[in-house]
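J.: Chain by chain, the residues:
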Amino acid sequence: MFSFHDKNHLSRRSLMKGLLTTASGLAVANWGALTHSQTIAAEAKRSGKRCIMLYMEGGVSQIDTFDMKPGRPTAGPFLPIQTKVNGIQVCEYLPKIATHADKLAIIRSMKTQSVDHGIGGYHMHTCYPSSQRFPHPEIGAMVAKYCENPDSDLPSFVKIGSGSGLYGAGYLGPQFEPFVVADDGKLPGFANPSVVPDIQDRRGELLNFMEQRFAEQRPGEPFAAHRTSELRTLRLMKARKTFDVSAEWEKAKSRYGDSSFGRACFTAFKLVEAGVSFVETSHQGYDGHNDNFPVHKANLQVLDPAWASLLQDLQDRGLLKDTLVVWTSEFGRTPAINFQAGRDHFGRAWTIVLAGGGIKGGQHYGASNRDGFEVQDNPVNEGDLFATMYKTLGINHRAKHFLGSRPIWATPDGAKPIQELLG
Amino acid sequence: MADPFADAKVIFTLPWNSEVISAVAFIGNDKVAAANKRGDILIWNLPPAGGKTPDPVRRLVGHTGEINRLLVTPDGKTLISASNDRTVKYWDALSDAGTPGTIVLNDGTPLKGVVEKVDKLPALPPPVEAKVIVQKPIKELAGHKEWIQALAVSWNGKRLVSGDDQGAIIVWDLPAGKELLRWPCKNWVRSLAIAPEGKTVAASQHVPGRDKIVVPPSFHLWNLETGEMKVDLTKEVTGGMSAIAYSPDGKWLATGRGNIEVERPDSRVTLLDPSTGKKIRELTPGHSRGVTDIAFHPDGKHIFSAGRDQLVKVWQLADGKLVRDLGKFAERGYWITSIAISPDGRCLAAADDSTRQVVIYALTGR
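Read top to bottom, the protein sequences are chains A and B. Under the numbering used here, the residue at position 213 of the first sequence is numbered 685, and the numbers go up by one with no gaps. Under the numbering used here, the residue at position 65 of the second sequence is numbered 662, and the numbers go up by one with no gaps.
Isolated chain A, as found in the complex:
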């Protein structure tokens, strides 16, 4: 796995090396049993499904967003507002999202197991606990594997920033590792070719010619993967402008909000529009053990325009029906308010929101009890959530893979898609 964050340690060579492990198109020997899932993968590709994950880093408060408890001691200072859907209310600091309530499936009954940041991040990216000590792939890798467009010059799994954690492709193999770009979505300067395109193409042809001769004497998949990664590097250089939304951002930022998260959401939209299968971006600062409310309010004022504009743009371009937008976190926050005006980590009854990609919007699913301490109706665990997301993306949630000879499934045994959420 590699990142473009550490500019001091990056070079053109490291880009090539990174692409070997992130964007190469071939399976590396002994990585997974791709043949087991080819049919499923082909179906998913035909469906053209994509996914954007908006990850609220630190653990987002359900009571201060979508599961408000007005009048109760756990309510906090925020007031609910009515959305365009009868019966659905959201926090007063989500007024733009309120206008998209008809697109939202609000799961208010998440009941999850891993309520600390590292383990929670892993669990909510893989649907498996980290305690299993098994290389589970994160959802982005799974979507990349089953939904990627092999003809695209772009990576299939992009993370804008690494604030939500890097959990990797696990048993799916290095070709599905995340392609991580900076918070503003830009590729670094060294990703630009140093010569004009014609010369770059000729250099590529020369490199290909020389390496073909070399490979004739040294057959083997690792070398083929290496060559493929080089060629994909050249293709990525041609497509690099997709990552630079600077010109369009000047117009878009009044809608998305002039914030790094707003820009990341806009970049995610542009990448998905260009054919990237999975884009994840994180919004930081939700770990409200103290001063939860003013900080949360400030966060929502950044989140609201960015998320709402993303949904609007996807809809306007006709992409929303095939693009699942996931609003999630590693866990929720306690209904009880502590002495530091904060809310602590909480997994017993919290909220995740899905939209687009075939999800039936305009509904709540599940409920917490009166003060929000427990799930009252329809508990949803990590496996059920992932099964639902995979189902709507056209991925078999029980797809079987192998690590060596050991079988492993896309979601844990017993995980079931939530039928009520599927359109």
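By construction, these hints were calculated from the structure, which means they are not laboratory data.
Covered stretches of chain A, going by a simulated chain B footprint (3 or more residues, C-beta under 8 Å):
no., stretch
1, 543 to 554
2, 754 to 766
3, 811 to 817
4, 841 to 849
Each residue gets a CB set at the ideal place from its N, CA and C atoms; glycine is no exception.
With chain A's structure known, arrange chain B on it following the hints.
T.: For chain B alone, coordinates are given in the frame of chain A:
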């Protein structure tokens, strides 16, 4: 220099365990008002030291959200409050007229420490009630569209300024309650103070953020009459300010750093030259994890600061020396949220979040 507060001691603790007590103010020398995050205001009449701990006598009803600031006009006749309900309200500070009522003083459910394992709210204890006169506001100012975190009154009682989380600063004709002027700021307005000369308002602006501060905190001196910026002190005093105050004699401008909890023990009071805004000195050692409030003592020689370490610190203005701490240090989770000093300088009121009570200190021979 002799410590004039060497004999400072707690003379009353006024329990009010409904919600976090967020603001306190003296009405004259023998009444204290406190407000909480539920939007209630209570007033106690303080007997002489040694007397029986009083119950509240008045309850001011009207706010529907957290009250962030309480202050009293210089003539002592009007109490003014600012709230998350987007209103500023005036209350008759002296009248005892109203409707008889009852207040429960212990209907809150404070939860100390980390609350991850709490699976239900604790049962309430038997109610402790007090008979009160319920009063309503005499005026309401409704010009703000966001939470009002900042409020200040001019020393001649003619002007009021308020600031909100939308970045709006509004100047009001205080007696009339009429908006005179407003101007926008980039950040949320977190604290305000009007200089004794009546023409300058100091404003601290800060959008709270845990990891990335998109817009850096800022601190400016504005022309109260025109809304024009006079001095940008953002580089002089860094960080978000929870409180700003001018000394009564106009010689000092003080800021208290710590608008949200900071994970380092450098939350300091800074003394500035009010005419230039230049830093004169920082008062050290600062509070652990944040200053919450500051107040100049009427003697013109001392300033008091409150923090998120359960302490009230007393500082000497002339040399910045720490005179003493009032209260017991707590590393984390126990805040003094607000302080006020009586006009005669003899008493201090401190809102103690850990015990959910207003603590009254006799500073000098009450």
